[in-house]
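Visitor: Protein chains in written order, with my numbering: chain A, 607 to 758; chain B, 13 to 173.
It is worth saying that the hints were derived from the structure and are not from the lab. Please read these numbers as outputs of a predicted model, since none were measured by experiment. The beta-carbon is built from N, C-alpha and C at its ideal position, and this holds for glycine as well. Certain hints may be false.
Far from chain A, by Cβ distances over 10 Å, these chain B residues were calculated [as the list claims (entries may be wrong)]: (1) A41; (2) T44; (3) T67; (4) H79; (5) H80; (6) L121; (7) D137; (8) V145; (9) R158; (10) K162.
To spell it out: a stretch of chain B is covered by chain A in this simulated footprint if at least three of its residues, at any positions, have a beta carbon under 8 Å from a beta carbon of chain A; those stretches are [as the list claims (entries may be wrong)]: (11) 47–53; (12) 68–77; (13) 111–119.
In silico EDC-like pairs for lysine to aspartate or glutamate, Cα to Cα no more than 20 Å straight-line [stated by the list, open to error]: (14) K162(B) x E700(A); (15) K151(B) x E687(A); (16) K162(B) x D622(A); (17) K66(B) x D113(B); (18) K66(B) x E24(B); (19) K162(B) x E651(A); (20) K162(B) x E623(A); (21) K151(B) x E651(A); (22) K66(B) x E21(B); (23) K66(B) x D42(B); (24) K151(B) x D137(B); (25) K151(B) x E637(A); (26) K66(B) x D56(B); (27) K66(B) x E132(B).
Listed below, chain by chain, are the residues.
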Amino acid sequence: MMDEREPNPLSDEQLDELLQSWRAPAAPSAELHRAIFGAPAPAPEPWWRRLWSWQLRLPAPAFAMLLLMMIFMGWRWSAAERRAPQVVIEHNTEVRTVEVASNNPSAEASVKPAVCRRRPAQPRADNSGAFGGMRPESELKARVIQGGYEQN
Amino acid sequence: MTAEEAFREHHEAVYRFLYRMTRSPETAADLTQECFMVLLQQPDRFDPARGAMKTYLFAIARNLALHHLRRERPSEELFDDDERWAQDSGRHLASSIAVADAIATLSPLQREALILFQYEGMTLDEIARLTGVDVGAVKSRLYRARETLKTILSPVRGGAQ
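If we strip away everything but chain B, and leave its shape as in the complex, we get:
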């Protein structure tokens, strides 16, 4: 698979993941570009025997996102981005922002586990391989993330009904 084919197939998913990790469309675009530049400049680093192209790209994206989160702190303007992207109005918009805020309070490792499982449809095995931990650790991160979100988001219950 060439870099261009990989881009065509996976750039949307990589971008979505990075957007949810960073909550900034601009940062997500920058990091997506950086992710595919790594693939373009060092194509030999991808070993099909070790996993699928998607897993490899998400591993790069994850490292970039965690590196970014260590450097930057979420800024106020990100709230506006959520408003800009939410298509619905009223209660749905409120719940969407609340969810984004709630997920932002999770630790980066819990956040990535939740995003990969909940939004990108990855299996526990895939997440474990991607993050370099065993399946038990992934389950634990997911469980703790969900329990935290259940508590934080309970006042927004109306939006879920």
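Next comes chain A alone, as it looks inside the complex:
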């Protein structure tokens, strides 16, 4: 008597597990690369070369914004440079020849020091004393104000 029982079909989990047992071999990458591109796959570049050829993708609006910011900062910097006061110290040395043998001082042989200022000097306040503008009063005129305290 034949056994007519057929094995029960696999469950989904059992099938998935079985399917995973079929592995594919690794691709012959070097041979394929040589066959397609005519040369073996290039060796990976050293890090410094990759750094040298590093590229950054920047959206155009972000680039425009960055450019505007840099132009604005450059303009601010140059304006600040122009506003800064420039102090110039000038040294003028004048040479005069004086004849010592005659022992007669020449009137022309005087050296006049001169101070040059770029800006006009501010008028200085009179600091001669706290009572500089006051004079003693010869006669006192007393005036009596009536009314006393006022109520608010």
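For chain A, the structure is supplied; the task is to place chain B on it using the hints.
Guide: Just chain B, lined up with the frame of chain A:
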């Protein structure tokens, strides 16, 4: 993306797919080469608006595989290839060969749907776009493929436990 970048990124997956479709490492290598030659010679045919590079490459690989399957019939030597590539021994090897044999009995359209879904992790949408059918057809192919495999592979149950 250049052809070389596409090769670096996708050649393994394309090769795996072609190997599982044809069950021959040599044929898979030849077809992988042909697939990337198409990309190299006609780069303008790839339109990023229509899909990812991977989908485009798999569409080429699929056409090549189906064309190959129409011309060739699986030969006896392929069995040896499975033996050569299986890493494990004993029961695992037996189940691996059984799975490859069972999948080979599926129709090419069911086979490609199963391989793309099960082994390459593609979504139903991606497979539908790649094969040019709607998602319902892909689901149907997958369902029928799995039901067939459940029956065929039920004697190998021991390998799944």
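Visitor: Would you mind marking each hint as holding or not holding in the structure?
Guide: Okay, the hints, checked on the actual structure:
no.: 1; hint: A41; in the structure: violated (6 Å)
no.: 2; hint: T44; in the structure: violated (6 Å)
no.: 3; hint: T67; in the structure: holds (19 Å)
no.: 4; hint: H79; in the structure: holds (19 Å)
no.: 5; hint: H80; in the structure: holds (16 Å)
no.: 6; hint: L121; in the structure: holds (18 Å)
no.: 7; hint: D137; in the structure: holds (21 Å)
no.: 8; hint: V145; in the structure: holds (22 Å)
no.: 9; hint: R158; in the structure: violated (6 Å)
no.: 10; hint: K162; in the structure: violated (4 Å)
no.: 11; hint: 47–53; in the structure: holds (count 3)
no.: 12; hint: 68–77; in the structure: violated (count 0)
no.: 13; hint: 111–119; in the structure: holds (count 3)
no.: 14; hint: K162(B) x E700(A); in the structure: violated (115 Å)
no.: 15; hint: K151(B) x E687(A); in the structure: violated (74 Å)
no.: 16; hint: K162(B) x D622(A); in the structure: holds (10 Å)
no.: 17; hint: K66(B) x D113(B); in the structure: violated (27 Å)
no.: 18; hint: K66(B) x E24(B); in the structure: holds (11 Å)
no.: 19; hint: K162(B) x E651(A); in the structure: violated (49 Å)
no.: 20; hint: K162(B) x E623(A); in the structure: holds (11 Å)
no.: 21; hint: K151(B) x E651(A); in the structure: violated (45 Å)
no.: 22; hint: K66(B) x E21(B); in the structure: holds (9 Å)
no.: 23; hint: K66(B) x D42(B); in the structure: holds (18 Å)
no.: 24; hint: K151(B) x D137(B); in the structure: holds (10 Å)
no.: 25; hint: K151(B) x E637(A); in the structure: violated (37 Å)
no.: 26; hint: K66(B) x D56(B); in the structure: holds (15 Å)
no.: 27; hint: K66(B) x E132(B); in the structure: holds (11 Å)
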